[in-house]
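Peer 1: Going line by line, the protein sequences match chains A and B.
Just so we're aligned: the first sequence equals residues 34 to 418 in this note's numbering.
Just so we're aligned: the second sequence equals residues 48 to 405 in this note's numbering.
Any given hint might turn out to be false.
Each computed DSS-like pair below joins lysine-lysine, with the alpha-carbon atoms no more than 25 Å apart [what the hints assert, rightly or not]: (1) A/35 to B/319; (2) A/366 to A/329; (3) A/142 to A/167; (4) A/167 to A/140; (5) A/35 to B/199; (6) A/140 to A/192; (7) A/140 to B/205; (8) A/191 to A/52; (9) B/199 to A/167; (10) B/84 to B/199; (11) A/331 to A/90; (12) A/142 to B/319; (13) A/35 to A/191; (14) B/205 to B/74; (15) A/366 to A/142.
For the record, the hints were derived by calculation from the structure and aren't laboratory data.
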Amino acid sequence: MKYVDEYRDGGLAREIAAKICAEATPERAYHFMEFCGGHTHAIFRYGIPDLLPDNVKMIHGPGCPVCVLPIPRLDAAIELAVTHGVTLCSYGDMLRVPGSRKRSLLKAKAEGADVRMVYSCMDALRIAQENPEKEVVFFAIGFETTTPPTALVINQAKKLGLKNFTVYCNHVLTPAAISNILESPEVRELGVLPLDGFVGPAHVSTVIGSQPYHYFAEEYQKPVVIAGFEPLDVLQAILMLVRQINEGRAEVENEFSRAVTYMGNSRAKQVVADTFELRRSFEWRGLGVVPYSALKIKDALSEFDAEKRFIVDYRSTRENKSCECGAILRGVKSPRDCTLFGDPCTPENPLGSCMVSSEGACAAYYSYGRYQERTFATDQSHPAA
Amino acid sequence: MTEQSRTDSTDGNKRHYSHTLDLSKGKVEMVHGSGGKAMAQLIDELFLNAFSNPWLDEMNDQACFQLSAGRVVMATDSHVISPLFFPGGDIGCLSVHGTVNDVAMSGAVPKYLSAGFILEEGYPLADLQTIVTSMAAAAEGAGVYIVTGDTKVVERGKGDGCFITTTGIGVVPEGVSMGADRVTAGDKIIVSGSLGDHGVAIMSLRENLTFETTIESDTQSLNDLVAAMVAVVPDIHCLRDPTRGGLSATLNEIAQQSKVGMQVYETEIPVKPQVKAACEFLGLDPLFVANEGKLVAFCPAAKAEQLLAVMRAHPKGMDAAIIGDVIEDDLQFVQMQTAFGGNRMVDWINGEQLPRIC
Numbered sequence: 034m035k036y037v038d039e040y041r042d043g044g045l046a047r048e049i050a051a052k053i054c055a056e057a058t059p060e061r062a063y064h065f066m067e068f069c070g071g072h073t074h075a076i077f078r079y080g081i082p083d084l085l086p087d088n089v090k091m092i093h094g095p096g097c098p099v100c101v102l103p104i105p106r107l108d109a110a111i112e113l114a115v116t117h118g119v120t121l122c123s124y125g126d127m128l129r130v131p132g133s134r135k136r137s138l139l140k141a142k143a144e145g146a147d148v149r150m151v152y153s154c155m156d157a158l159r160i161a162q163e164n165p166e167k168e169v170v171f172f173a174i175g176f177e178t179t180t181p182p183t184a185l186v187i188n189q190a191k192k193l194g195l196k197n198f199t200v201y202c203n204h205v206l207t208p209a210a211i212s213n214i215l216e217s218p219e220v221r222e223l224g225v226l227p228l229d230g231f232v233g234p235a236h237v238s239t240v241i242g243s244q245p246y247h248y249f250a251e252e253y254q255k256p257v258v259i260a261g262f263e264p265l266d267v268l269q270a271i272l273m274l275v276r277q278i279n280e281g282r283a284e285v286e287n288e289f290s291r292a293v294t295y296m297g298n299s300r301a302k303q304v305v306a307d308t309f310e311l312r313r314s315f316e317w318r319g320l321g322v323v324p325y326s327a328l329k330i331k332d333a334l335s336e337f338d339a340e341k342r343f344i345v346d347y348r349s350t351r352e353n354k355s356c357e358c359g360a361i362l363r364g365v366k367s368p369r370d371c372t373l374f375g376d377p378c379t380p381e382n383p384l385g386s387c388m389v390s391s392e393g394a395c396a397a398y399y400s401y402g403r404y405q406e407r408t409f410a411t412d413q414s415h416p417a418a
Numbered sequence: 048m049t050e051q052s053r054t055d056s057t058d059g060n061k062r063h064y065s066h067t068l069d070l071s072k073g074k075v076e077m078v079h080g081s082g083g084k085a086m087a088q089l090i091d092e093l094f095l096n097a098f099s100n101p102w103l104d105e106m107n108d109q110a111c112f113q114l115s116a117g118r119v120v121m122a123t124d125s126h127v128i129s130p131l132f133f134p135g136g137d138i139g140c141l142s143v144h145g146t147v148n149d150v151a152m153s154g155a156v157p158k159y160l161s162a163g164f165i166l167e168e169g170y171p172l173a174d175l176q177t178i179v180t181s182m183a184a185a186a187e188g189a190g191v192y193i194v195t196g197d198t199k200v201v202e203r204g205k206g207d208g209c210f211i212t213t214t215g216i217g218v219v220p221e222g223v224s225m226g227a228d229r230v231t232a233g234d235k236i237i238v239s240g241s242l243g244d245h246g247v248a249i250m251s252l253r254e255n256l257t258f259e260t261t262i263e264s265d266t267q268s269l270n271d272l273v274a275a276m277v278a279v280v281p282d283i284h285c286l287r288d289p290t291r292g293g294l295s296a297t298l299n300e301i302a303q304q305s306k307v308g309m310q311v312y313e314t315e316i317p318v319k320p321q322v323k324a325a326c327e328f329l330g331l332d333p334l335f336v337a338n339e340g341k342l343v344a345f346c347p348a349a350k351a352e353q354l355l356a357v358m359r360a361h362p363k364g365m366d367a368a369i370i371g372d373v374i375e376d377d378l379q380f381v382q383m384q385t386a387f388g389g390n391r392m393v394d395w396i397n398g399e400q401l402p403r404i405c
């Protein structure tokens, strides 16, 4: 497949891996965080850990939109569909996520709620146009990548004069989450989390550009290499990070130059700025309340804000006490450190957020990587189909 | 079935109706499932006409037949695919292929099928005729007879046009003994052709997702391919058609049933570029995508090349490939060496990748 196979070439991978092995100083360890779930998924799917020397470790960051959405906001979406009787349109990967009391959008659908899976927010808009008698709510989640399309449909809905379309906005911001990790006591004071650099986001950076990461490189002296989601991108970025560390540099480098520019996509940024404003604070699953880390719909467009049109409850819930997702999302612990991992927490029966999406660290590790851990108590209870 | 044989075999029992069934503009009505004359007419003019064979033409509530000596195999499969017509096939031929293949995966020669229809009130008779004709052609192609059947009609809104359940019976030839528990470490894993065609063809038609593709469903009966394989290598340990859940589900099921591990090689697994491309932008893994005309064979390593040659010589196995090895593994993991060079698990599919695929 053109423009894809080139970035999955096994021969080139071995060459880059050999360079990483040759250049990584055996006397020290290298700890790099890939922020994005897309990178986590690629790392496990292509078996990248097998290609790295033992002293180059990847830490899996919080960049999985499904994983970081707090349960109360999922509960609220379920309530919108069940109690308010709206047609709730959601991206597919949210449907199976368990909310409180083991409810999910998929279960709500089975019980009769009108929950629709959409591939694009434009589909939600179309459903609203085609069903004027129904209240249609788009359940908007995601980082800067999915925010501009949401902004566009809100503006489109205004242009069309739609009265039955609103957006339940849960868009979050990447730089705020990176700051939160770098400011965490585990990194700054306790030194529990050795963090030498970041593999920077791919798709997010196509929108926001490489410019926002310079602050982290300068202020925290952490190198950032923006990388595409293909496995060769990731390997090349790791090599570039190793070189920066070896040379004592902490810079922003752009491996994903075929798609990412310094300033990003200015039109996308403009439509986002015209449509949304910062929330003073927002709860992240795993990270807790992070100031100025999410967006809400501007007052001028409040007629399209589901939180304004409906009374959306926000009731705090307690996570499973043994669940280590918070520490895993901050990179402090690895999936295998969690006592729930594999039994009872599996992708079929996820207890924590990192197990629910294929981009979550636990799910990626469980689905692709657990053969490495021969000692696991594994779930062997799958029924034969 | 030729026109001649149809006429000959139905003449004796032919009933007469004041009007013929309107197969161009008519619709399925509740009376077509009521047991009265309308139902008899639907059976006579549509089903009997298409499926005619000596057993069905007796028009009993059951079929009575002799089987050759040997172990008898029986399999059943319900078909609820949406949409009913798709590139490369329709629910009719699929309902024959699915059950013929389930019977054939034991090494058996499929002989007879039953067919149960659940029809929705208002469904166009013209479409039903297309489906039934397609079933008849598929049965003829596979060398099996639809010898008994049933028709029910549900109210409008309580079905989705047409659901079909088929059950098949076949006989295992002497000396053949396959089973999902017979696979042992050292066996080779062979697939009969490219993976994921059926799932991608269906997906290309789904609401909100229509994309243009030249991919057609691979729906086909595999009993002739199986017969050719068994004739040369009777000691195949296991055959399985990787339908829902794709290759990954099949490998994991058999790993558990035979208590073994598996090591496959991504570069050896045949996947068409168009299927790869569609999976790429849909976020699917071709190993999870359903097939309706492919099989996976597990056989002793010493016989693998011979079996592969037989498969490749057959039109339904031209792209067959040895994709991996069965290994000892207490944890029964299925692992894959990626084209990139690393290793990873091939796990069970989580949740529903694509509903109502067959």
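Peer 1: With reference to the structure, classify each hint as holding or not holding.
Peer 2: Comparing the hints with the structure gives:
{"no.": "1", "hint": "A/35 to B/319", "verdict": "holds, 13 Å"}
{"no.": "2", "hint": "A/366 to A/329", "verdict": "violated, 31 Å"}
{"no.": "3", "hint": "A/142 to A/167", "verdict": "holds, 16 Å"}
{"no.": "4", "hint": "A/167 to A/140", "verdict": "holds, 21 Å"}
{"no.": "5", "hint": "A/35 to B/199", "verdict": "violated, 50 Å"}
{"no.": "6", "hint": "A/140 to A/192", "verdict": "violated, 35 Å"}
{"no.": "7", "hint": "A/140 to B/205", "verdict": "holds, 21 Å"}
{"no.": "8", "hint": "A/191 to A/52", "verdict": "violated, 54 Å"}
{"no.": "9", "hint": "B/199 to A/167", "verdict": "violated, 34 Å"}
{"no.": "10", "hint": "B/84 to B/199", "verdict": "holds, 14 Å"}
{"no.": "11", "hint": "A/331 to A/90", "verdict": "violated, 42 Å"}
{"no.": "12", "hint": "A/142 to B/319", "verdict": "violated, 35 Å"}
{"no.": "13", "hint": "A/35 to A/191", "verdict": "violated, 39 Å"}
{"no.": "14", "hint": "B/205 to B/74", "verdict": "holds, 16 Å"}
{"no.": "15", "hint": "A/366 to A/142", "verdict": "violated, 35 Å"}
The structure fails to meet hints 2, 5, 6, 8, 9, 11, 12, 13 and 15 from the earlier list, while all remaining hints are met.
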